[in-house]
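**Q** With the hints as extra help, turn the sequences into a complete structure.
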Amino acid sequence: MKLELEVNGAAAHVEASPWKRLLDVLREDLRLTGTKEGCGEGECGACTVMLDGEAVNSCLVAVGQCHGRKVVTVEGLAAQRAGEAEVLHAVQRALVTCGGAQCGICTPGIAVCAVHVVDSGALHGADDATARAKVRELLAGNICRCTGYQLIVDAVIAAARELEGARS
Amino acid sequence: MTAYVRPRDLAEALALRAEHPDWMVLAGGTDLMVNAIHQKVPAGIVDLWRFAPIGGITVGDGRITIGAGATWTEVERHPAIREKLAPLALAAREIGALQIQARGTVGGNVGTSSPVGDSLPALLALDCELEVASVRGHRRAPYSAWCTGYRTTQLAPDELVIAAHLPLPGANVRTAWRKVGTRRAQSISKVMGAAAIEVDAGVVVSARIGLGAVANRPIRATAVEEAVRGQRLGAQAAEAARAALRASIAPIDDVRSTAAYRLEVAENVVARFFHVS
Chain A
1 MKLELEVNGA AAHVEASPWK RLLDVLREDL RLTGTKEGCG EGECGACTVM
51 LDGEAVNSCL VAVGQCHGRK VVTVEGLAAQ RAGEAEVLHA VQRALVTCGG
101 AQCGICTPGI AVCAVHVVDS GALHGADDAT ARAKVRELLA GNICRCTGYQ
151 LIVDAVIAAA RELEGARS
Chain B
1001 MTAYVRPRDL AEALALRAEH PDWMVLAGGT DLMVNAIHQK VPAGIVDLWR
1051 FAPIGGITVG DGRITIGAGA TWTEVERHPA IREKLAPLAL AAREIGALQI
1101 QARGTVGGNV GTSSPVGDSL PALLALDCEL EVASVRGHRR APYSAWCTGY
1151 RTTQLAPDEL VIAAHLPLPG ANVRTAWRKV GTRRAQSISK VMGAAAIEVD
1201 AGVVVSARIG LGAVANRPIR ATAVEEAVRG QRLGAQAAEA ARAALRASIA
1251 PIDDVRSTAA YRLEVAENVV ARFFHVS
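Keeping their order, the protein sequence lines are chains A and B. With my numbering as the guide, the letters of the first sequence map in order to residues 1 to 168. With my numbering as the guide, the letters of the second sequence map in order to residues 1001 to 1277.
Quick caveat, the hints were computed from the structure, so don't treat them as lab data. It is possible that part of the hints are untrue.
As the list claims (entries may be wrong) - With beta-carbon atoms standing in for the labels, derived distance ranges:
| # | chain 1 | residue 1 | chain 2 | residue 2 | range |
| --- | --- | --- | --- | --- | --- |
| 1 | B | THR1112 | A | LYS2 | 30 to 40 Å |
| 2 | A | HIS67 | B | GLY1056 | 18 to 28 Å |
| 3 | B | GLY1056 | A | LYS2 | 25 to 35 Å |
| 4 | B | MET1001 | A | VAL87 | 41 to 51 Å |
| 5 | A | VAL87 | B | ARG1256 | 39 to 49 Å |
| 6 | A | GLY83 | B | ASP1254 | 54 to 64 Å |
| 7 | A | GLU6 | B | MET1001 | 31 to 41 Å |
| 8 | A | GLU6 | B | PRO1167 | 37 to 47 Å |
| 9 | B | ASP1253 | A | THR33 | 38 to 48 Å |
| 10 | B | ARG1256 | A | VAL96 | 16 to 26 Å |
| 11 | B | ASP1009 | A | LYS2 | 21 to 31 Å |
| 12 | B | GLN1039 | A | GLU6 | 23 to 33 Å |
| 13 | A | LYS2 | B | ILE1037 | 15 to 25 Å |
Stated by the list, open to error - Chain A stretches covered by chain B per the calculated footprint, using a threshold of three residues with CB under 8 Å from any CB of chain B:
| # | stretch |
| --- | --- |
| 14 | 5-11 |
| 15 | 15-21 |
| 16 | 36-43 |
| 17 | 134-144 |
Every residue, glycine too, gets a C-beta built ideally from N, C-alpha and C.
**A** Below, the structure is given as structure tokens:
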């Protein structure tokens, strides 16, 4: 079927089986290979993208359902102004500075989910212990098999604090 | 090539269901899309994701009606559900992770009715009644009679689940929810349960106990419900519940847990529902 969706702010035209996974359309048809496949079962979160503003597993989305909908992938998190270098989202910068990444397969999904969490204001006004517990719960669907989650949680908290500071 | 239709209204959805009972009814895909690339390609898809006629949550008439298309995120955030139907809101918060809660729907959970569906013991304890429709008309079915076996239900091939109706518990009803898995967030349950217990002057008047992952389908622990009637809330009712449960369930060994562990944990879960906090 012919589909038109908005991907990272731009219109994307695709011809695909409605049963094809959004994950595969992003990677194969649109060549947005930042989104990774981990398990293909909705357990690991590596393929997380935003669909109409919600974080979802793109391996569990049939692309037929995406006509007219908005998708944001890891490639769309940074701000891009014409003629200027792109500016990473605070969450992406914090993942870099805190060392919240190792092999990188889970990282795009974590970045997307963490941007969703931080931008939704879920951590706003929370003290450090509460914020850490919230991050661990809200990112529970993003599994990293390299190591623990300490530096990832550090990064998400740091980004939330930075954005809070910028707002006030 | 897989056919794909997004119905304009309920009449079209029901007509499609009657004409193509073999087509997949797809909402959030959290169940049906698992391992999609290794599955048989469906002949057709009826897309009910964000389908307005079965969406929304309404409060009134002494009950809360949850559209089959409502997601677990919507259920978890709804103030009236959090206040009046706490076990359902608590279950919603533990259904998979954020990504699954954003897509998984009430209709999908009851449509599949897996024995480990996290919301299902809560629907049992809260006396849920399903509303089901087809071109033949609408009907109501109590969720307690809905499941007919391992992942099988009363749903006819031409029917759609439209909504779940939940009566508001009275002021003398205490509710509870407990899930036990390998970790707190996003784990498949080893045992979970929900309770709605009517209490008068510290004595159990009646109780509904829903349990998951202890049988081939979500069940009501009717032996426990009978055993606790007239017992004093606290140790007396808790011990009566524990004894009755042991005689009434026979969980299995599988990859996630053992029968012995499940039985012991289920006893503790059920007994705790009757403790005075």
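**Q** Hints the structure violates: just list their numbers, smallest first.
**A** Of the numbered hints, 7, 10 and 14 do not hold.
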